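Chain order of the listed sequences is A and B. 1689 is the number that our numbering gives the last residue of the first sequence; the numbers go up by one with no jumps. 257 is the number that our numbering gives the last residue of the second sequence; the numbers go up by one with no jumps.
Worth flagging that the hints you see were computed from the coordinates, not collected in a lab. A portion of the hints provided could be inaccurate.
[Stated by the list, open to error] Using 30 Å as the maximum straight-line C-alpha spacing, the simulated DSBU-like pairs for lysine-lysine come out as follows:
#1 A:K1584 to B:K235
#2 A:K1551 to A:K1584
#3 B:K235 to A:K1551
Model, not experiment: these values are computed from the prediction.
Residues per chain are reported as follows:
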Amino acid sequence: MEPNDAELVERAQRGDSEAFGELVQRHGRYLFSVAYRVTGDEALAEDVVQDTFLKAWERIGRFDFRARFSTWIYRIAVNRGIDLMRRKRRRSTEPPPAEAGEETLGASEAPDPHRLAVSGELGRQALELLRSLTPMERASFVLRHMEGRSIAEIGEVLGTRTSATKHAVFRAVRKLRSGLEPFLGEDHEAAVG
Amino acid sequence: MKPPSDEELILHYYGESDRAAEIDAALDDPEVAVRWRRLRDVLDAVPREAETPARPQGYGAEVWRRIEGRLPERSAGAGRLLRLPVGEGRIWQWAAAAGVVLLVGASFWVGGFWRASTPAVTAGEDEGAPRVLLLAVSDHLDRTEMLLAELVNRGAGEGDVSVEREWAEELTTASRFYRQAAERSGAPEVAWFLAQLEPVLVELSHAPEELSDGDLADLRSRLERGDTLFKIRVVGSRLKHETTTGARGGADV
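Assemble the whole structure, with the sequences as input and the hints as a guide.
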């Protein structure tokens, strides 16, 4: 019978790197999907996966079995994702992606909200706008909106207080609104008027 | 009833409002209904799932091949009992536990922890105190670096620091606790380094919610002038290295 995660962790805590390798093989794909959702960047997500497992190995002696191994590495991955997004943001000299998005969907093109919604352009525009958020805002919003985690759970993952977590989500929503409402404006008024 | 704020409507959208029934009732008000509809349309437009690039079945094995030769050395069982003080209220639980450990461990390592001549400590119950504290400080430095990096990376018009302000407040509390614990435990260099960082955290925790571009530039320039992020990274890595490998060196932090 195959050993479960807890058994592998115990062996890894005793220094058994093969057992740790088994954990990496089991959870690699899951971690990549988490990392990609948080960062929205394939190359960065790859780095997050590797860094997370390296960090997990370093800290595995501190894993106390109160959470599942997958939950534990999830937390490490989300925080590592935020960290790498920050570094990338700092290095980047390109204009923010939101601006690039505005160029393709600028007011001069008079976008039709119905067309945008139907073609999925609005969703793509929203995903572009997510790139313009700060790493903390993005991670908090993605965890709330896409992963369906509660504010309390997000605070637990990010190590932030409830009020700070809420503010990060509020700030993200405010930015998304200001970016998306121009494309929804008339439709809104017609719908609610 | 007071009309719900935009923030309350956001929580309501995600099913996390404490006043769900009241807000539902308030939606009869046309002005609130318009605000609600606009918010809902925006959030509904954001996909619930981002298409994730596919990874093959053997992806985990591929990752393992890439990192296998790069696993950092560590001593088995180091810091096994540590639960990091992150999140609301948890620091005090940790503090209570750590206080007991520090009392027991103090005599063991007062005056000796940073001495280059001290032989490396192997993992075990008696040696838990210094490692627990230093691991916690190293994680605290990670979080402090994250906070400062967040601010340093801000662009023009991104001066809303309401989240970071609370974060700084929490880190200030943690820093004071760790500094005092380090002083009591004979790690004056660690205490000194934390004392150097504290004014920055205190200043941020008392900052207005919105910083001007000039304030942000000033903060960035002060942090860069003092190489603050670099120093935090170096000291944090050093602590991590010492606590995970048991290696000791003269730590001139």
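Verification of the supplied hints:
{"no.": "1", "hint": "A:K1584 to B:K235", "result": "20 Å, holds"}
{"no.": "2", "hint": "A:K1551 to A:K1584", "result": "20 Å, holds"}
{"no.": "3", "hint": "B:K235 to A:K1551", "result": "21 Å, holds"}
This entry satisfies every hint, going by the numbered hints stated previously.
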